[in-house]
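J.: Required output: the full structure, derived from the provided sequences and hints.
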Amino acid sequence: MPDTQALVNDFLNQLKKRKIEGSQATAKQTAELLRSVISQTRVPYTNQAGALIDSVKAVGERLIAANPVELAVGNIVRRVLHIIREEDVSLTTAAMAGLNLSAVSDDEDDADRDDRPVLSAAAVAAASRSTLRPPSLQTLLEDVPDSAAVPHTSSSGGDSEGKSKSADKSSRSRKLKHDVIEAVNELIQDINTCHEQIAEQAVEHIHQNEVILTLGSSRTVLEFLCAAKEKKRSFRVFVAEGAPRYQGHLLAKELVARGLQTTLITDSAVFAMISRVNMVIVGAHAVMANGGVIAPVGLNMVALAAQKHAVPFVVLAGSHKLCPLYPHNPEVLLNELRSPSELLDFGEFSDCMDFGSGNGAPLLHVVNPTFDYVPPKLVSLFITDTGGHNPSYMYRLIADYYSADDLVVQRRPTSGN
Amino acid sequence: MVAQKKGATARVSEDPEELARHPLQAILLADSFTTKFRPITLERPKVLLPLANIPMIDYTLAWLESAGVEEVFVFCCAHSKQVIDYLESSDWSSQPNFLVTTIESHNSISAGDALRLIYERHVIHGDFVLISGDTVSNMSLTQALQEHKERRKKDANAIMTMVVKQSKPSPITQQSRLGTDELFMAINPDTKQLLCYEDKAEYSKGFISLDKTLIADNPSTVLHNDKQDCYIDICSEEVLSLFTDNFDYQHLRRHFVKGLLVDDIMGYKIFTHEIHSSYAARIDNFRSYDTISKDIIQRWTYPFVPDVLCGNSAIRVERRGTYRASEITLSRSAQIGPFIVIGQGTEIGNDTKISHSVIGEGCTIGSNVTIEGSYIWNNVTIEDGCELRHAIVCDGVTMKSGAVLEPGVVLSFKVVVGQQFVVPAYSMVSLLQQPTQQDSDEELEYADSSSGNVELPSKLNGDITSDLSETRHGPTSELGTGGVGYIWSIFEGGHDEEWRHSVAPIPTDKLAKIMLDKDEDEELLTQDGNVLSPSGELKSDSDANDSEDGDNEGSRDDYVSFEKEVEATFLRAVHENVKVDHVILEVNALRLSYNMASVDCAGAIFYSMMKLAVESPHSSSSELHRNAADVITTWQNLLKSFLHDIDEEIEVILKFEEICLESAKEFSPLFAQILHLLYDKDILEEDAILRWADEKEGADESDKVFVQRAEKFLQWLREAEEEED
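Those sequence lines, one after another, are chains A and B.
Residues 9 to 425 (my numbering) are what the first sequence spells out, left to right.
Residues 118 to 842 (my numbering) are what the second sequence spells out, left to right.
What the hints contain is simulated information worked out from the structure, not anything from laboratory work.
Honestly, I wouldn't trust all of these hints.
[Claimed, not checked] Short, incomplete list of chain B residues facing chain A, as computed with Cβ under 8 Å: (1) 417; (2) 419; (3) 502.
[Said to hold, decoys possible] Think about it this way: if two alpha-carbon atoms lie no more than 16 Å apart in a straight line, the pair counts; the simulated EDC-like pairs of lysine to aspartate or glutamate are: (4) 782(B) with 732(B); (5) 24(A) with 208(B); (6) 25(A) with 182(B); (7) 27(A) with 740(B); (8) 25(A) with 307(B); (9) 386(B) with 307(B); (10) 627(B) with 615(B); (11) 237(A) with 275(A); (12) 470(B) with 444(B); (13) 24(A) with 307(B); (14) 386(B) with 267(B); (15) 24(A) with 69(A); (16) 728(B) with 740(B).
Because the structure is a prediction, the values reported are computed rather than measured.
Don't be surprised by glycine CBs; every beta carbon is placed ideally from N, CA and C.
T.: Shown next, in the form of structure tokens:
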């Protein structure tokens, strides 16, 4: 698969050079790349899911390493892995449903899935999955394609009854790959439409004559506000400019172009203005499993101000931003330190950085972090494409999207690294 | 590509499609053609030296790739094999849309030769980026390229765009933060045309000279001293052919840029592009190595920083600019200070303190080691209790326990420093002996004063040798017990300059000294009124002042040396019996070369004659008189030939007075007699003598001494005159 290899390398390069901006674009490209990886993977007769998982993991590991700060990459890799597992399980259960229970041991024998030690018996696993998981909206929705797949598999399963295992396997493998690709397509679709799905909920949250405060620029926020505007809500928006990249300026421009009453303020004026604000609505870079938010720099301050004045702090995040990891030292380890030149002009300050004098140690250190970590207790509400959620509920949501086996995306042979 | 001649009109019309057709190319010179990084560069090419644990060339290539360059020609000369091997084994050989081609040469000794060779290959089509492999940048080329192309469309002579960046030079040391000399550039602020480029200005005098026409031709000119040359040039093809046409161009700046600026026949123009928010700098010497490393650690070069650029081994940034690879063994009690990079597989022992340093891969650092502002490359072993301050330690070095590196030390590959040995400040230590003469194949300092490089044999400085010879003999003893390596004697610029380009910060006492010298200079200069203000703006009337003051002061000096020359000529004439005509010719030549009047000649010759008379042996004043008379008689023709009118004769009398007063007091009693003699010989006319007497009439009593002495003679003259009447 030379062409996928080239694609992977190209994408790796872009990630490394920080050429892709925004988690949505990254998520979409990752999903598309993984889709082509899956479609190029040759599936053996036995253990198809294992082969797919291996090849996705191999690529995913490299993608995550290329830009560890862009969590969306890891999220999508894990989502795809989860999809493969789910599809595999649902196929097995469907096949099982077509057979009688005696087939269980048979299936277990050829499904020598060395990479899935958990799988003692496919049926048990499938059953446990559906029973262990509490019936959330998500599981109900996800079950729909599974049940739709049942008739096909049951027929093929019927054929394979007896000794024609190979035919069964080949059709099943093709089936599995096909289903996985379908599901990944759905994922891509989800990513594409997440803005609209979030924006649909806007009218429920923004009321007449309210004042909304936001910081920096986020497409999700823009769409959200515009959706409310289109529903004839009239409200005002305060935009904090979001130093040092000043993307708030762009957002203000966009909002004005869509006819919204907008006030642009400096970041440092947020506390002074917060008492007049009814709701803070911001975008996020990533949402961690504990409900903490990795967000553009300056938002922690806004969240604290909002808490002080009991103003609701609402975070909009597409489901691709949900990260199954718990943050450890997020201010540093999940941060990207960008060039100090965004803050000040090098030439003007070049005399402060003359290492030839003194003891050679720079006296001026300019730090330009990209992200802030907002702890979950400061967040009032998350709005994802599936609806509004409490920070304390995020872990459930994450359990729906990811399987626990994939939290560490690392293949075993190279794990010594 | 069609003929590379300067068919200007044809070229312009062709341009748009040509540019569209050709991908952007770049020439990367993987050789600096200097010896600034010796002794390290004797064993490894400069471009492969690690900068924050990543070879320099990777920064350059990564930037070129991100800037949209599609084809790079890497010109390798010194250690070409190593460069080629490195490139082949790295990712660069297999990048899509980024073609890296190496061009190898073994006999190029300068950038000029390199470009001539590339021209012969006919590989460059259209505009290209010229850069050397030791440049770190993150600028975007789009705008600079756009500007360059637009200028080219309007004016086919705009063949080069130079990237500059603001960077204030230190007011004390007159050098930039990169350790290069203060650079003066005259730029037209409207067109951004470069008008003057001066990197070796005469600081001692405190002024630089600009061509007058330059100010006449350009309505406005801004003279900058706060611009840094980034050594990134966007060039048109003509640049290559120009190098071929002018086979004596060697250095890109010193010869090529200055050559173009001076040469107004071809009318080629160079423009500048200033970058503000992005970073660009070239590693020219050890100081810039230090400065740029620190800039990288402070992330000015983002996204070309260790944690992003380093592909295979994950490096994480932590608080206070600490970069750590994933697999390091660190003692709990070690104090890992701010701004450090630690490479993969390095072990650090108890109570070791490290700050502002870069530590490579696979190093072993013992306990109680202090490392400050140092650059330690790969696989270095530092045993317990060592101290390193502002040093560069190359691959495979071993420092035995208790060894100390003073600021500015460079230890080249695999050197071993003996136990408890203190390597003196600014030493260069290598396993190789210092070459006694330049080998032309290798990097060559072709610039001025190259010949004076290494005259000393490759032994160390006197005091160190004597120190060490007591402990042990042979080369190993130079670095203490069990040490291996040679301490190079310092060359080029000598002791005075070594601190300028070293990794170590400038010692405060040096700064104080310069400051003191400078203050004195400044006082002197302000008196003259031509000091160059720190902002680099030239005071408008300084030129005029300068020339006048200079003349006054200079002419006095000139006269003294002129007099000496004349005297020497005269003495030679006396001893070698040169014909009078020839002497006259020679003195006239001297007069022209020193820009003197004939009055001065007469004075000088008379002075020489009298001096001769005084110096020839004499016991009494009568003998002296006879001597003088002899000399005057012999050489009267010579003297007469410079006495065209009365002023010159008076000058001779005045000079005689001066001689009697100052240099040869023996003459004073003989004043009247010799005056008479001169009169008798028709050398002086009576008019002149009388005029002299008249002029002295109103002078002080002290001045009149000689008039009184000659009173009798004067009396006689006056009477004779009256009689004639």
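J.: When you check the alpha-carbon spacing of residue 728(B) and residue 740(B), does it fall within 16 Å?
T.: holds (15 Å)
J.: Do the alpha carbons of residue 386(B) and residue 267(B) lie within 16 Å of each other, as the hint requires?
T.: holds (14 Å)
J.: Would the hint linking residue 470(B) and residue 444(B) be met if the CA-CA limit is 16 Å?
T.: violated (19 Å)
J.: For residue 386(B) and residue 307(B), compute the direct alpha-carbon distance and say whether it is at most 16 Å.
T.: Measuring from Cα to Cα gives roughly 14 Å; hence the hint holds.
J.: Taking 16 Å as the top limit, are the C-alpha atoms of residue 24(A) and residue 69(A) close enough?
T.: Holds, because 14 Å separates the two Cα atoms, which is no more than 16 Å.
J.: Does residue 24(A) pair with residue 307(B) here, judged by a C-alpha cut-off of 16 Å?
T.: violated (39 Å)
J.: Holds or violated: residue 502(B) as interface residue toward chain A, Cβ cutoff 8 Å?
T.: violated (22 Å)
J.: Take a quick look at whether residue 25(A) and residue 182(B) sit within 16 Å of each other, Cα to Cα.
T.: holds (10 Å)
J.: Can the restraint linking residue 27(A) and residue 740(B) be considered satisfied, given a maximum Cα separation of 16 Å?
T.: violated (99 Å)
J.: Check the hint pairing residue 237(A) with residue 275(A) against an upper bound of 16 Å on the C-alpha distance.
T.: violated (25 Å)
J.: Is residue 627(B) within 16 Å of residue 615(B), Cα to Cα?
T.: Holds. Residue 627(B) to residue 615(B) sits at ~11 Å (cutoff 16 Å).
J.: Would you settle whether the hint for residue 417(B) is holds or violated, based on the nearest Cβ-Cβ distance to chain A being less than 8 Å?
T.: holds (6 Å)
Comparing the model with each numbered hint stated earlier shows that hints 3, 7, 8, 11, 12 and 13 do not hold.
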